[in-house]
Amino acid sequence: MELGRFSVSLNVKDIKKSKEFYLSLGFEIVAGVEEQNWLVLQNGDAKVGIFQGMFDTNIMTFNPKDIAPIHKKLDELGVEYSRQMGGQDYPKMAMFQDPDGNNILIDQHDE
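Using UniProt numbering, you'd call the opening residue of the sequence shown number 1 and step up by one each time.
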């Protein structure tokens, strides 16, 4: 099962301080709007999303090219997952937790 590119989405207290911290480590801003309290930074293959006030916990994110086989595998494994965000159905995503309660988002992006 190919999960795709990996990134981490961090719940931060102060987006300006977090931005400066990751920039000092050599990351570059590749997406986002600071005034909307979210940015995506990249250093090589590593991506970090920083989000202020958007969610309560950190999230591991995978971006596959095709989520259908992942949905099938999760169903076979009996993993309980959501295809909903904000009350809307997103057939190209799956959100669930690992055994320790860490959030995992699998989100297919059409490129």
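Just so you know, not all the hints are guaranteed correct.
With a straight-line Cα cutoff of 20 Å, these simulated DMTMM-like cross-link-like pairs (lysine to aspartate or glutamate) come out [claimed, not checked]:
{"id": "1", "residue 1": "K19", "residue 2": "E2"}
{"id": "2", "residue 1": "K65", "residue 2": "D107"}
{"id": "3", "residue 1": "K65", "residue 2": "D14"}
{"id": "4", "residue 1": "K16", "residue 2": "D75"}
{"id": "5", "residue 1": "K73", "residue 2": "E35"}
{"id": "6", "residue 1": "K17", "residue 2": "E35"}
{"id": "7", "residue 1": "K47", "residue 2": "E20"}
{"id": "8", "residue 1": "K13", "residue 2": "E2"}
The hints are simulated quantities; they were obtained by calculation from the structure and are not laboratory data.
Evaluated hints:
For the proposed pair K19 and E2, the alpha carbon gap of about 31 Å is over 20 Å, so the pair is violated. With a C-alpha separation of about 9 Å, the suggested pairing of K65 with D107 holds against the 20 Å cut-off. Under the criterion of a C-alpha separation no larger than 20 Å, the hint pairing K65 with D14 is inconsistent with the structure, at around 33 Å. Among the hinted pairs, K16 with D75 is inconsistent with the structure: their alpha-carbon atoms are about 40 Å apart, more than 20 Å.
Between K73 and E35 the alpha-carbon distance is near 39 Å, which puts this suggested pair outside the 20 Å criterion. Restraint check for K17 and E35: the C-alpha separation of about 14 Å stays at or below 20 Å, so the hint holds. The hinted pair formed by K47 and E20 meets the criterion: a straight-line CA distance of about 15 Å does not exceed 20 Å. A distance of roughly 33 Å separates the Cα atoms of K13 and E2; the hinted pair therefore is violated under the 20 Å criterion.
When held up to the earlier numbered hints, the structure conflicts with 1, 3, 4, 5 and 8 and fits the remainder.
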